[in-house]
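Q: Generate the whole structure from the sequences, applying the supplied hints.
Residue numbers (my numbering), protein chains in the order written: chain A, 173 to 243; chain B, 194 to 692; chain C, 3 to 514.
Hints are computed from structural coordinates only; laboratory data are not their basis.
Think of the CB as a built atom: it goes at the ideal place given N, C-alpha and C, for glycine as much as any other residue.
Keep in mind that the hints are not guaranteed to be accurate.
[Claimed, not checked] Examples of chain A residues lying across from chain C (beta carbon under 10 Å, computed):
| id | residue |
| --- | --- |
| 1 | 183 |
| 2 | 186 |
| 3 | 192 |
| 4 | 198 |
| 5 | 201 |
| 6 | 202 |
| 7 | 207 |
| 8 | 209 |
| 9 | 213 |
| 10 | 223 |
| 11 | 226 |
| 12 | 227 |
| 13 | 232 |
| 14 | 234 |
| 15 | 240 |
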Amino acid sequence: MQSELNVIADAINSVQEVATEDVPPTANPVPLEAYLRPDVPATPLTQAEALSGAPLAEDGMFVAPRILGEE
Amino acid sequence: MAEKLMKYSEAVKEFDPVIGLETHVELSTRTKLFCPAPISFGAEPNTELTPVSLGLPGSLPVINETAVDYAIKLGLALHCQINEWSQFARKNYFYPDMPRDYQISQYDKPTNGEGYLDVELEDGTIFRVPIERAHIEDDAGKNTHVGGADGRIEGADHSLVDYNRAGVPLIEIVTKPITGVGDRGPEIAGAYMRAIRDIVRALNISHARMEQGNMRADVNVSLRRDPSDPFGTRSETKNVNSFRGIERTIQYEIRRQAAILDDGGEILQETRHWDEAAQATAGGRVKSDADDYRYFPDPDLVMLHITNDRIEKMKAEMPEMPRERRNRLKDEWKFSDVEMRDVINADALDLIEETVKLGATPAGAKKWWLGELSREANNQGISLEELPVTPQEVADVEKLIADGKLNDKLAKQTVALVLKGEGTPAEIVEKHGFKVVSDDGMLQTAVDEAMAANPDVVEKLKSGNMKPMGAIIGAVMRATKGQADAKAVTKIVMEKIKG
Amino acid sequence: MTDTNELVKLSAVQMAELLRKKEVSSRDLVNAELEVIDAAEPTIKAFLKVAGETALEQADAFDNLSDDEKAELPELAGVPIAIKDMIVTKGIETTAASRILEGWVPPYDATVIEKLKAAHMPLLGKTNLDEFAQGSSTEHSAFQHTSNPWDAERVPGGSGGGSAAAVGSFEAPLALGTDTGGSIRQPGALTGTVGVKPTYGGVSRFGAIAMASSLDQIGPVSRTVLDSALLQEIIGGHDKRDSTSIPEGPRPMVKAAREGMNRDLKGMKVGLVEELGGEGYQPGVEARFNEAVKKLEEMGAEVVKVSCPHFKYALGAYYIIMPSEVSSNLARYDGMRYGLRVMPPADVAQTAANMMAYTREAGFGDEVKRRIILGTYALSAGYYDAWYGSAQKVRTLIIDDFKKAFEQADVLISPTSPSTAFKFGEKMDDPLAMYMNDIATIPANLAGVPAMSIPSGLSDDGLPTGIQFIAPQQRDEVMYKPAAALEAALQDEWNGPIWQSLKTPWLDSLNN
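A: Laid out in structure tokens, this is it:
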């Protein structure tokens with residue numbers, strides 16, 4: 173995979189040629205300011221809906237394998 | 194395996210501690226920071242989720258206006274620079290309670306920039322804590338660890354995840370390194386945390402109950418030999434959730450680090466946690482290059498523009514700040530510095546203010562909340578607020594006393610019964626037939642009987658020695674089952690001995 | 003009335019006309035398309051999931067409306083549509099063509115799906131794509147290869163090869179796609195169909211599975227320009243659930259398309275982007291493009307050359323920004339909440355972190371992994387400024403190039419894709435060659451400007467070629483007019499639509 177990654181390295185490195193100090197970055201192509209949502213609750217998912225995709229669930233909760241390893 | 198600790202007094206003599214606090218305040222908005230999922234305490238697991246707070250594919254965040262307003266208010270209270278443009282960034286890391294595996298926080302463009310908070314120490318000294326920033330971010334869910342001892346993560350077999358808390362808005366207040374604390378680091382940190390708590394409560398932007406995790410702090414401590422030295426390596430103790438814990442964490446870390454440095458050792462840059470049972474911090478993960486959060490502006494959100502109009506609107510809604518309020522109330526109530534500090538330390542300011550508003554005298558209200566009720570709370574190991582008695586009930590008792598319907602003794606009994614849940618003061622007085630006997634005939638008789646039973650006392654009184662008066666009053670009280678008005682009794686006795 | 007073979011070749015507008023005249027029902031349309039799907043899928047394999055029953059229910063719901071109720075609905079009401087499986091559909095499995103999401107049935111609808119349902123447009127099913135829309139041939143789908151209707155040995159382009167092939171083979175009159183670097187337009191060019199990437203923020207992304215959030219945009223796939231205009235007006239508009247959604251409503255695109263059909267482009271300045279053409283473009287692609295330019299001139303357009311000097315940096319910037327956002331957007335597929343979970347083998351610690359790693363190893367294909375690694379690297383602390391930071395600056399320069407270009411021309415044109423459809427496997431081992439497919443389409447995504455591809459003819463190899471129109475931000479209607487004019491002019495010359503030349507054995511079998 174390394175060699176596959178290398179192939180576009182040239183194209184990627186070229187961006188630094190023109191990315192000079194005086195050019196401002198653009199994070200979002202269309203300049204907007206954030207819409208602020210009124211703090212009004214909407215109907216949430218039911219617990220069954222929330223858990224519907226869970227690979228493993230128990231007592232209304234998602235089951236995670238243990239977080240810490242054996243050390 | 195107890196760690197080696199240096200005596201605190203020696204540690205702070207040999208080293209200059211530098212403290213940093215990152216305080217997370219959970220906002221009391223109705224909905225989450227980035228979606229309209231409702232927020233309540235104690236809901237069934239995974240019932241307060243939208244596709245956004247569960248991190249479902251395709252879901253997108255939209256900023257909660259009230260959370261922004263709350264952040265501005267807190268920024269104003271902390272004298273922060275409120276930035277006209279701020280930006281949300283993704284903090285990328287994996288943890289099972291993180292629905293998107295990145296937290297949406299603010300990085301180089303926080304809503305609130307530099308500020309400060311003046312905190313009052315126990316002796317009245319004002320210490321200025323410099324604030325670096327106060328930014329907005331969302332919380333993660335909660336893990337319950339199963340299969341280990343006491344629900345601890347160590348030794349657990351698996352964890353159950355409830356994402357209800359995921360997406361709850363937080364403000365993280367980050368101090369600059371707090372220098373010049375000398376031996377008062379724990380006290381300053383404690384006073385700072387209480388001041389933050391009082392401010393967010395005054396602003397009504399958070400329930401600020403530490404025991405429920407509405408407020409928690411990451412505590413950074415480092416030592417250096419001399420204030421002119423560069424900062425030493427710091428430890429970061431995560432998620433400390435009590436004022437005591439914060440104070441003790443700092444004290445412990447100073448002692449622990451001092452012992453290591455004194456032995457010529459090096460401090461590891463690591464995250465630790467406060468172990469309440471052991472009253473010690475315990476080592477956690479060593480920070481390494483792997484902790485690269487790969488922050489970048491969240492492309493799902495655009496720049497947050499905070500207009501002057503919005504800031505002015507928030508300014509207009511700002512309530513009186515806790516320090517000003519304390520000073521005003523101290524003047525209004527004619528309390529001394531010491532009395533006021535006692536009130537603050539007992540966390541009784543709100544309760545007393547409310548009680549006074551409901552008609553009690555400041556002295557009367559203070560007497561109850563700092564006396565009987567503080568003792569009771571202490572005995573039960575709960576806060577004054579959690580006692581089953583309201584300012585209204587205290588004010589009612591005070592009114593009954595002022596109206597001469599209860600004496601001190603009956604008042605105490607009444608309050609004790611209120612605490613037992615027997616009802617309101619009026620109901621209790623009614624139910625138990627409490628009343629101050631001021632009926633002249635009944636008292637006359639009781640006094641006569643008491644004087645007849647205590648001729649030696651009467652002799653002393655007649656000779657002008659008023660000290661044994663209590664014996665007569667006591668006898669009358671016994672005879673009237675404590676319902677006599679002591680003042681009335683004294684008056685009758687005096688009349689009788691003057692003959 | 004009309005037999006299936008005839009019915010499914012109609013444009014969406016024509017189908018809607020028959021619905022209004024009550025010559026067919028929505029159920030007839032859905033049934034006809036389902037018949038084609040049955041016949042074509044063994045060869046085309048455009049669909050990952052066909053939702054025949056629910057589509058028929060939705061058709062019946064439309065058919066049962068009163069005339070007054072129908073009159074309130076958009077023009078395309080009752081016409082069925084296929085959905086790229088990158089868009090979330092409540093109750094219909096949505097996979098992004100990835101093993102990691104296999105079996106996931108979303109509990110909610112994307113905003114565009116809500117709008118289609120409100121317009122009573124039956125959903126035929128979910129179409130194939132490169133896994134998480136990452137690719138230009140649809141070969142990176144975890145489930146199947148979709149064939150180009152023009153040559154079953156060749157790819158339909160990508161990532162939206164399923165939607166393009168479905169529309170191109172008459173399995174659906176319309177489809178939705180998503181376009182991050184050309185995923186709607188390039189398959190359009192390769193299959194002889196129309197594909198539109200609206201202005202960034204013109205169509206809500208809520209419910210579009212994120213690939214690269216600042217580049218992704220949902221758009222129409224159709225066989226005619228007017229059909230796309232009508233569909234874009236239905237799915238477009240402000241959505242308060244998408245913070246990057248533009249507050250203003252959809253532009254008057256249908257009006258512009260209808261105007262264009264008059265084939266009068268007097269007063270319009272068309273800009274030929276010098277950097278998008280020449281070396282690396284197939285001669286046949288260039289030839290059809292040049293002929294199309296002549297047609298535009300014949301209709302009164304003034305053709306000028308414009309230069310966008312920073313476009314040569316677009317590919318590099320794209321391959322920093324896109325994988326960076328991909329690496330973060332795809333972090334959520336960790337085996338915790340939905341989709342695949344793979345536990346580590348017994349000799350490896352059974353921890354959450356290891357489960358996450360094994361799940362992702364098993365669940366993601368090579369191209370997705372490649373981009374996640376690239377993006378993780380690009381965002382890492384020591385490289386942020388040099389990579390992501392620089393790429394965002396290039397973005398500014400490209401936006402400026404477009405601004406200057408649009409001072410000289412109303413609309414810009416280029417070939418959509420440098421080549422016609424290639425054979426399966428031809429570019430799979432050469433990521434750079436694969437990435438070059440999007441060289442002409444990427445700039446519009448970086449700048450957020452609207453762009454569309456329409457058929458420009460057939461190359462020497464008998465395969466379709468595409469021409470791209472690019473308009474200024476939030477002026478999507480500007481490209482619809484010349485696109486519709488050119489479409490009409492070319493069809494006039496060809497004596498009919500491009501698909502007249504398409505061999506459709508799967509339809510022949512339906513004629514009885």
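Q: Hint by hint, say whether it matches the structure.
A: Tested hints:
Because the smallest distance between the Cβ of residue 183/A and any Cβ of chain C comes to about 4 Å, under 10 Å, the interface hint for this residue holds. Given hint, residue 186/A at the interface with chain C, holds; its Cβ is 5 Å from that chain's nearest Cβ, closer than 10 Å. Checking residue 192/A against chain C by beta carbon gives a least distance of about 8 Å; that is within 10 Å, so the hint holds. Below 10 Å, beta-carbon pairs count as interface contacts, and residue 198/A has one with chain C at about 4 Å; its hint therefore holds.
Nearest Cβ of chain C to the Cβ of residue 201/A: about 3 Å, under the 10 Å cut. The hint holds. Of the supplied interface hints, the one on residue 202/A holds, with its beta-carbon coming within about 5 Å of a beta-carbon of chain C, less than 10 Å. About 6 Å separates the beta-carbon of residue 207/A from the nearest beta-carbon of chain C, less than 10 Å, and the hint is met. Annotation: residue 209/A was flagged as interfacial toward chain C, and the flag holds, the nearest CB pair being 7 Å apart, inside 10 Å.
With 10 Å as the threshold, the beta carbon of residue 213/A stays out of range of chain C, its nearest partner Cβ sitting at about 15 Å, so the hint is violated. Below 10 Å, beta-carbon pairs count as interface contacts, and residue 223/A has one with chain C at about 9 Å; its hint therefore holds. Given the 10 Å rule on beta carbons, the hint for residue 226/A holds: about 6 Å separates it from the nearest Cβ of chain C. Checking residue 227/A against chain C: minimum C-beta separation of about 4 Å stays under 10 Å; hint holds.
Because the closest C-beta pair between residue 232/A and chain C is about 14 Å apart, greater than 10 Å, the hint is violated. Because the beta carbon of residue 234/A sits about 6 Å from the nearest beta carbon in chain C, less than 10 Å, this interface hint is met. Nearest Cβ of chain C to the Cβ of residue 240/A: about 7 Å, under the 10 Å cut. The hint holds.
The structure is inconsistent with the numbered hints 9, 13, although it conforms to all the rest.
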